[in-house]
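Participant: Place chain B on chain A using the hints.
These protein sequence lines map, in sequence, to chains A and B.
In terms of numbering that gives the first Met the number 0, the first sequence opens at residue 0 and continues consecutively.
In terms of numbering that gives the first Met the number 0, the second sequence opens at residue 0 and continues consecutively.
Don't read these hints as lab results, they were simulated from the structure.
These numbers were taken from a predicted model, which means no experiment stands behind them.
Every residue, glycine too, gets a C-beta built ideally from N, C-alpha and C.
Any given hint could be a false lead.
Claimed, not checked - Below 35 Å or equal to it, Euclidean Cα-Cα: the simulated DSBU-like pairs (lysine-lysine) are: (1) K12/A to K233/B; (2) K306/B to K233/B; (3) K12/A to K306/B; (4) K261/B to K134/A; (5) K12/A to K261/B; (6) K226/B to K306/B.
As the list claims (entries may be wrong) - Quick look at which bits of chain B chain A covers, simulated, 3 or more residues with Cβ under 8 Å: (7) 115 to 121; (8) 144 to 155.
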Amino acid sequence: MIDGQVRKGFSVKHLPGMTAMALLCFLLLYAPLFTLVVYSFNAGESIALWEGFSLRWYGAAWENEAVQEATVRSLIVASFASAISTVVATMAALGTTRTGRYRGRTTIYMMINQPLMVPEIVTAVALLIFFAMIKVATGYQGLAYLIAAHSAFCVPFAYLPIRARLEGMSLTLEQAAADLYASPWQTFRKVTLPLMMPGIVAGAMLAFVISLDDVVITEFVKSAGQDTLPTYMLGQLRRGISPEVNAISTALLAVTVVILTAFFVLNRKRH
Amino acid sequence: MRNGVLGNRQPSGLEIEARRQTVRNYLLLCTPALLLLLLAASGPLLIVVVYSFLEPGEYSGVVWRFSGEAWFNVLFSRDIFDDTVSLADAHLTILWRSVRLSLLTTLLAFLLGFPTAYFIATRPASQRPMWLFLITIPFWTNLLIRTFAIMEVIRNEGILNTLLQALGLIDSPIQILYTDTAVTIGMVYVYLPLMVLPLYAAMERLDFRLVEAGYDLYASRWQVLRKVIIPLVKPGIVAGTILVFVPSLGAYVTPRVLGGGKNMMLGNLIELQFGQGRNWPLGAALSMTLLVIVAIALAYYVRSASKSDAND
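The following block holds chain A by itself, in its conformation from the complex:
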């Protein structure tokens, strides 16, 4: 059976209606995003009527100080969070894959994947309570809370691609390095790390996107005046959707697509 072979008359893979439904599904997934992008270039105030192409809303968003601040804050938090989560996730991935099973490994898996299982709103509430206690005790109100929260929920997203990469690597090269009298550190620096690099880069990119996108946890953890781009957009919603929010959304969408395409290409080379 050759893949996707279309024979005259009968194909075992054909089920009536499946293709039509699938194409409808793709249409449903992309039509709303497409509309959003198109209307961000609308010249008029309205988001219902098309009044010609213009970049005025991008200009408006670019010059809006609140948007600038929120963007910078989002980038700072996402950079720190992806760096921290990638480092700890890399160590954890080494600690859970380069050996046989040991007692407690399942518990470690569960701990690492915990942010994927607990509803975000519950974690958000828990962090609100916990950080409120620390804020009262120390008086510190800075960005560290957001960075800590983001780093934590990014760990599984950084960990999974790194672990996948390590599981596909055999130990032979490391053993060869050890046979050639490389110290464990040299083996790690010169053999293991370069080999696992694609996984690390992938993990860091995913963590960055996840942090950049977070709404719920940020909304609960942030102190006054600490809006990130998504919470700023959510706040703007009380005044209804504006074309400016569309422009910001489109810009964020573009960033996500660029990072994902890089991720996709990187993954492709591996196979």
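Facilitator: Frame of chain A, contents of chain B only:
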């Protein structure tokens, strides 16, 4: 390397000691990640449990006195004047809406996601990554942006209403936004990729010789789908169902944006207690209620996953 250092024969004392040392090193490597998660993810959950048994403070926060009132208030309410106990209708309505809309979302996502996953899995191997990529782009796109996008489509002046009016199907716009329908549409849209991905993973491994055998034995297309394909991809169906149901149940952004103030779900009710409601213990108890429902769903998943492992 599955068995690690131990291999298959009896290990000597020295080897056991060496292995113990290695395991200790590996555990040490995991420590920073575990500490971070303990500090900013798992640990604070325990504080929520404690808070759910305290009394609410006057403005916000808590008074450190034990009380079961918050848990009582999850389902019941006490009359201020004569202390008569009745069911808390508002909470029950919201709880029921959360469960109902989440189930509906899961069902609709399955009806759309199954054909899509099947479609991708039956493409030639070289085309599959491209189709999958088309599913992952919306998946990684900011949830808020996707909710905005849906909002623009279903607004009274949005494309959907404009289109229906232009076609002459309706005279005046239908109010979809700020209804349960809007919340359901939004959640299906937002969580659909979470259904497609695990379904695809299961279908990619589907052995089509079994499907062919079904046809050889004179099964109709419908029978093949029901008796061969669906049972074989069941683990994927269960995974997709859980992956859509769990975040739907805890959804906060989508019901807030598309449901307006009125059509709250559990997530919004929890938020309310920490905002205007000023009842942190009740908010904590509601969060724990949500967590328990999610834990039950996950336990069901783990059980059915290990069952299908045993069948293999």
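Participant: Run the structure past the numbered hints and jot down the numbers of the failing ones, going up.
Facilitator: 5
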